[in-house]
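A.B. asks: The hints should help you fit chain U onto chain X, whose structure is shown.
Protein chains: 2
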Amino acid sequence: MKPDVLGVIGLGAMGGSLAWHAVRAGVERVVGYTPVPAEGAAALKAGAITELVGDPQSVVLRSDLVVLAAPPAANLQLLGKLEQQIKQQKTLCTDLTSVKLAVVRKAAALGLDRFFAGSHPLTGTDGSGFQAAGAVKYREAVVYVTPLPEGEAAAREIADFWASVLEAAPVFCDAADHDRMLAWTSHLPQVVASALAATLARLGPKAVTYGPGARDTTRLAASSPEMWRDILLLNREAVLEALAGMEDELGTLRSLLSASSAAELLGWLEKGRTWRRRLSE
Amino acid sequence: MKPDVLGVIGLGAMGGSLAWHAVRAGVERVVGYTPVPAEGAAALKAGAITELVGDPQSVVLRSDLVVLAAPPAANLQLLGKLEQQIKQQKTLCTDLTSVKLAVVRKAAALGLDRFFAGSHPLTGTDGSGFQAAGAVKYREAVVYVTPLPEGEAAAREIADFWASVLEAAPVFCDAADHDRMLAWTSHLPQVVASALAATLARLGPKAVTYGPGARDTTRLAASSPEMWRDILLLNREAVLEALAGMEDELGTLRSLLSASSAAELLGWLEKGRTWRRRLSE
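Chains as they are written, first to last, in the numbering used here: chain X, 767 to 1047; chain U, 767 to 1047.
If we strip away everything but chain X, and leave its shape as in the complex, we get:
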């Protein structure tokens, strides 16, 4: 569906960019809300929204489709706050949270099957706030769409919104499968980058030059701590399992290096290289 009026709650990097691209794609009215006044003013000035309102309820009141683009824990709270209005207005609703099981469970518990499906666009930036919105591109990005148990019709409408308005590539996915998969493909890389940065902050030499390798490996560590605290806690079990896999791997390396096992060390490095080269193909 292509909404006449799109609502966006949260105008940071993800929500701000989504609003901006929707305006560019010809959505006539894009109504925004943010608890950060400066962000709302910046979004209006940049033409990312056509109207700024003072509370989330006013967004639902005006919109055919509402996108929850607040941090993960806030999106969960918003579902509860907006439930009545969504049902009364029959407003379609989705969210941009990087974890999906908690969101889908909450929406299903609230009986929002006809109105809600989760979304997780595989795009982002290590920047935060509306000023980082320019770095977030939705075009051709994979977007996981996670339906509620009785929510196939709403999920199809929302998938169509991603494809027709944002030119993104929606992929239907079970919310629990999504979270288990993302623990490996996204949450583990994030905590590894954060742990490397924390290690270098604590023990690394001061006032030295870091090359492009160290910069790339730690880039994700610059991402929003509030967002990642929420994601990691909401996907705790799966992240702990992935973390255990990484710890085992570092233990293997420690053994090989302690024993100066040149041939096995080469094999270990080749394993990582083969996987990474395939990723670039």
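Misleading hints may appear alongside valid ones.
Copies of the same chain are indistinguishable here, so a pair counts whether it falls within one copy or spans any two.
Claimed, not checked - Mimicking DSS-like on lysine-lysine, the simulated pairs with C-alpha atoms at most 27 angstroms apart in a straight line are: (1) Lys856 to Lys872; (2) Lys1037 to Lys972; (3) Lys853 to Lys768; (4) Lys811 to Lys768; (5) Lys972 to Lys903; (6) Lys872 to Lys768; (7) Lys768 to Lys903.
Hint data in this document are derived by calculation from the structure and do not stem from the laboratory.
C.D. replies: For chain U alone, kept in the frame of chain X given last:
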């Protein structure tokens, strides 16, 4: 010094790029050797060298300055093989190895103080071979120059070569200090990227989409396994120490996540973010 004839032994990404930039900077003759015939032919064809010779000794015979650009263990062997000729011809010599203490010790043991200083340019690529040479830029790169105990004069000449011919930024550095520093700034990021890639190869979901975050965090894993086997073994003690720091940090994260300690988890993520944002300033 600006050599009339520059010799480059090893025409992979690092040596090939250095040769090519020297030709562009006006060095009249650049003599190359590589044990890989196709690489030598490609370097000649691309105009990265002006002459290709059949053995490392012939490079020394013709050159005012010789750069050893083979993998780390091979560079160490070359020092022994070329010692007599370097002394007879009074040829200046340096190398591009990412570890410096083993190289400087070997060169000092061979009595090469008047002719040799180590170099480590902070540039590179995850590609390998001459075909990846275009990705290696020396201009404005920091180059650590590590003198031998009695080798200040040779080190000054070699630092001047980096500055005047390659437009790089030479920085004098003690070889042992260099290796301890690089264990943190380069070798730890490399093994973390390799371990993450190996973990995802072993346990990660198959046939799924990886976003830009996972790609950046694992980019270094694509680097040459032979080169990194040598580097890690030559700097084993310092790398094991850095690895222990990283393992402790992952252990801290495990505790915070297991206990669902939201406030401490936020603080942990902020520590990494503060460090990484400062790196980008």
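A.B. asks: Take the hints in turn and mark each one as holding or not.
C.D. replies: We went through each hint and held it up to the structure:
no. : hint              : verdict
1   : Lys856 to Lys872  : within (18 angstroms within a copy, 77 angstroms between copies)
2   : Lys1037 to Lys972 : between (33 angstroms within a copy, 15 angstroms between copies)
3   : Lys853 to Lys768  : within (20 angstroms within a copy, 78 angstroms between copies)
4   : Lys811 to Lys768  : within (24 angstroms within a copy, 56 angstroms between copies)
5   : Lys972 to Lys903  : between (36 angstroms within a copy, 25 angstroms between copies)
6   : Lys872 to Lys768  : within (26 angstroms within a copy, 70 angstroms between copies)
7   : Lys768 to Lys903  : within (19 angstroms within a copy, 48 angstroms between copies)
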